[in-house]
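Number of protein chains: 2
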Amino acid sequence: MATEFFAGLDLGGSFLKYAIGTADGVILKRDKKPSRADEAGDKVFQVIFDAIRELEKEAKRRNGDLKGIGLGSPGAIDFERGRLIGTTPNIANWANADIRGTVEKEVSIPVWVDNDANIMALAESRQGAARGFQNVICATLGTGIGGGILIGGEIYRGSHYAGSEIGHMMIVHDGLPCNCGGRGCFEKYASAPAMVRHYISKMMESGKPVPDNISTFTVFQNAEKGEPEANEAIDKTLGYLGTGFASLINIFNPEILVVGGGVADAGEDFIARIQHAIEERAMKPALRGLKVAKAQLGNDAGFVGGINLAAEMFHKAN
Amino acid sequence: MATEFFAGLDLGGSFLKYAIGTADGVILKRDKKPSRADEAGDKVFQVIFDAIRELEKEAKRRNGDLKGIGLGSPGAIDFERGRLIGTTPNIANWANADIRGTVEKEVSIPVWVDNDANIMALAESRQGAARGFQNVICATLGTGIGGGILIGGEIYRGSHYAGSEIGHMMIVHDGLPCNCGGRGCFEKYASAPAMVRHYISKMMESGKPVPDNISTFTVFQNAEKGEPEANEAIDKTLGYLGTGFASLINIFNPEILVVGGGVADAGEDFIARIQHAIEERAMKPALRGLKVAKAQLGNDAGFVGGINLAAEMFHKAN
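Sequence lines, in order, name chains E and Y. Using the numbering used here, count along the first sequence one by one with no gaps and you end on 1421. Using the numbering used here, count along the second sequence one by one with no gaps and you end on 1421.
Looking at chain E on its own, in the form it has when it is part of the complex:
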């Protein structure tokens, strides 16, 4: 019998990352291409087809078969149908895209499509920080706060594929308006731009000049140098992270909270400080046995999770 291989594709606004691997998670080849998401027509599909053909060749070269494809896309994804629901801001001409239908028609290999945050959570639970855990919350701290939730080891997709929007839990009643239509959302206070905003306002309060091009990296750097405003901005962000994550822990009582994304990359120490902020606020019974861990797969989580998804769905069906 030919070896079974699976493909993972991680579609973003700038790049399509893709890889081929085995059901037990060994990656054999990985690459990326510009996703051409801002171009007219169905260029994105052409990029996807090219990537799959490349991976199919790799499978043949290794005397194996590409048995299934797992594709992560931004936006709300109807997992049963493999389609985008509505639109997603960073990929043009993608409204209600019939992703599975279009790709399966071209390549004749089974395709499963899911929201990218769900797929990243799956990857962390199968091969990353949450390996072996059943009830998992994965949070990505970046421009926003993304979330993926596993319950009983399975991705929780909500009733209409619209759940897990942990960044839009409202932690400041009647707070800052958010693009989502709500006010006071978690991500308005605890994402990377929020930390930068806290820093700028601390600098202005102190009457200090606000430097250009501030990122969370700058804030962490200045904090290490002992700048009080940078430390205060980090503490303020940690307070909001504590409120948001403690609430999720009171609701879900997960075994593990995995924190990834740019802000989390500030290091192990930042994760320990998040854990401390949670412990100050969450209910004691919900904290029992709780692990707070840094995401392990970084930018690979998308294609690793795609391979995990394809392998699991293929073996369920066959």
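It cannot be assumed that every hint is accurate.
[To be verified] DEER-style ranges, computed between Cβ atoms: (1) Y:K1163 <-> E:G1255: 33 to 41 angstroms; (2) E:Q1237 <-> Y:G1401: 29 to 37 angstroms; (3) E:S1211 <-> Y:N1199: 57 to 65 angstroms; (4) E:N1196 <-> Y:T1190: 53 to 61 angstroms.
[As the list claims (entries may be wrong)] Cross-link-like lysine-lysine pairs, in silico, BS3-like; alpha carbons within 30 angstroms at most: (5) E:K1387 <-> Y:K1146; (6) Y:K1136 <-> Y:K1208; (7) Y:K1419 <-> E:K1419; (8) E:K1397 <-> E:K1136; (9) E:K1328 <-> E:K1397; (10) E:K1160 <-> E:K1146; (11) Y:K1387 <-> E:K1146; (12) E:K1160 <-> E:K1136; (13) E:K1397 <-> E:K1135; (14) E:K1170 <-> E:K1160; (15) Y:K1339 <-> E:K1339; (16) E:K1135 <-> E:K1170.
[Unchecked claim] Only some residues are given here: those of chain Y computed to face chain E with a beta carbon under 7 angstroms: (17) I1254; (18) S1262; (19) G1266; (20) H1271; (21) V1275; (22) G1285; (23) R1384; (24) P1388; (25) A1389; (26) R1391.
Worth flagging that the hints you see were computed from the coordinates, not collected in a lab. Beta carbons are placed, not taken as given, at the ideal position from N, Cα and C, and that holds for glycine.
Mind docking chain Y on chain E? Use the hints.
This is chain Y only, laid out in the frame that chain E set:
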């Protein structure tokens, strides 16, 4: 074959409510006794034994067998072991009580024990407002805000039986301190005492005398008479309810939110206003197809859910 009957017991600080019924939910006999929860020793267990013996007699009288008992208790319940984890404020001498072990030893009938809010959510999903739905949030608005969550039609108990504490989702960052150890909890702003507090502060702002013994009932009554402060207090509470429930809906994308408890009994109109407050704040994709409904089983939910639980667990095992 003798008919199969199941018992549901709903243990509270004041009363033990109990009933016997069939797996398909027909209640044959129901009653209640003082739970003697404030007395020394193991009086609560004696009350439970008496109730079960009464129900056993009823089963025999109807030529049937009592096949299983479902018991709802306040507090965190280890469902696998049928024990209380730690203590619960309204039942004395109940710390770490081995509820299942003690009852099964006495009556030789299988017993399943669960948290009372979980059991109420089960009842609403099997025979109440959430019948036929898979992903359900049940909220009880009373002295606090209790919650029960069903995912895929099954009670979600958290990793260590400590989840579903929706009343302790923090909706006001660094807000009022809560007994739970957190600050700004949902129930500090949207429970019955919170509505009364909002009313009192509105009356004081207007320089009006604050009446004695105010309840949410008084507030609703005064609002109907056109008193502006009462209406403002209700609107304020609805704002907080909107923030809390919209957050839960963004996270879970449930099919239905069931609202029960004293505050919800203010009538159908109040439920419609809660729904409106949610629609103003939640994300559009998460609102698609969402039902917001009043709990249907009222004070019966505890023993109805106990019967449902016992019947389902018995049939899983046999």
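Hints, verified against the model:
1. Y:K1163 <-> E:G1255: 33 to 41 angstroms: holds (40 angstroms)
2. E:Q1237 <-> Y:G1401: 29 to 37 angstroms: Since the Cβ atoms of Q1237 (chain E) and G1401 (chain Y) sit about 34 angstroms apart, the hinted range of 29 to 37 angstroms holds.
3. E:S1211 <-> Y:N1199: 57 to 65 angstroms: At 60 angstroms between Cβs, range holds.
4. E:N1196 <-> Y:T1190: 53 to 61 angstroms: holds (59 angstroms)
5. E:K1387 <-> Y:K1146: holds (29 angstroms)
6. Y:K1136 <-> Y:K1208: holds (22 angstroms)
7. Y:K1419 <-> E:K1419: Answer holds: K1419 (chain Y) to K1419 (chain E) is near 23 angstroms, not above 30 angstroms.
8. E:K1397 <-> E:K1136: Cα-Cα ~27 angstroms, so holds.
9. E:K1328 <-> E:K1397: Given pair K1328 (chain E), K1397 (chain E) holds - Cα atoms ~24 angstroms apart, limit 30 angstroms.
10. E:K1160 <-> E:K1146: holds (21 angstroms)
11. Y:K1387 <-> E:K1146: holds (29 angstroms)
12. E:K1160 <-> E:K1136: Since the Cα atoms of K1160 (chain E) and K1136 (chain E) sit roughly 17 angstroms apart, the hinted pair holds (cutoff 30 angstroms).
13. E:K1397 <-> E:K1135: holds (24 angstroms)
14. E:K1170 <-> E:K1160: holds (13 angstroms)
15. Y:K1339 <-> E:K1339: The hint holds at about 27 angstroms.
16. E:K1135 <-> E:K1170: Given pair K1135 (chain E), K1170 (chain E) holds - Cα atoms ~21 angstroms apart, limit 30 angstroms.
17. I1254: holds (6 angstroms)
18. S1262: holds (4 angstroms)
19. G1266: Holds. Min distance 4 angstroms.
20. H1271: Holds, about 4 angstroms.
21. V1275: holds (5 angstroms)
22. G1285: Nearest chain E Cβ about 5 angstroms off; hint holds.
23. R1384: Because about 5 angstroms separates R1384 (chain Y) from the closest Cβ in chain E, which is inside the 7 angstroms limit, the hint holds.
24. P1388: For P1388 (chain Y), the interface hint holds, since the closest Cβ of chain E sits about 4 angstroms away, which is under 7 angstroms.
25. A1389: Constraint on A1389 (chain Y) satisfied, holds at 4 angstroms.
26. R1391: holds (5 angstroms)
In this structure, none of the earlier numbered hints is contradicted; all agree with it.
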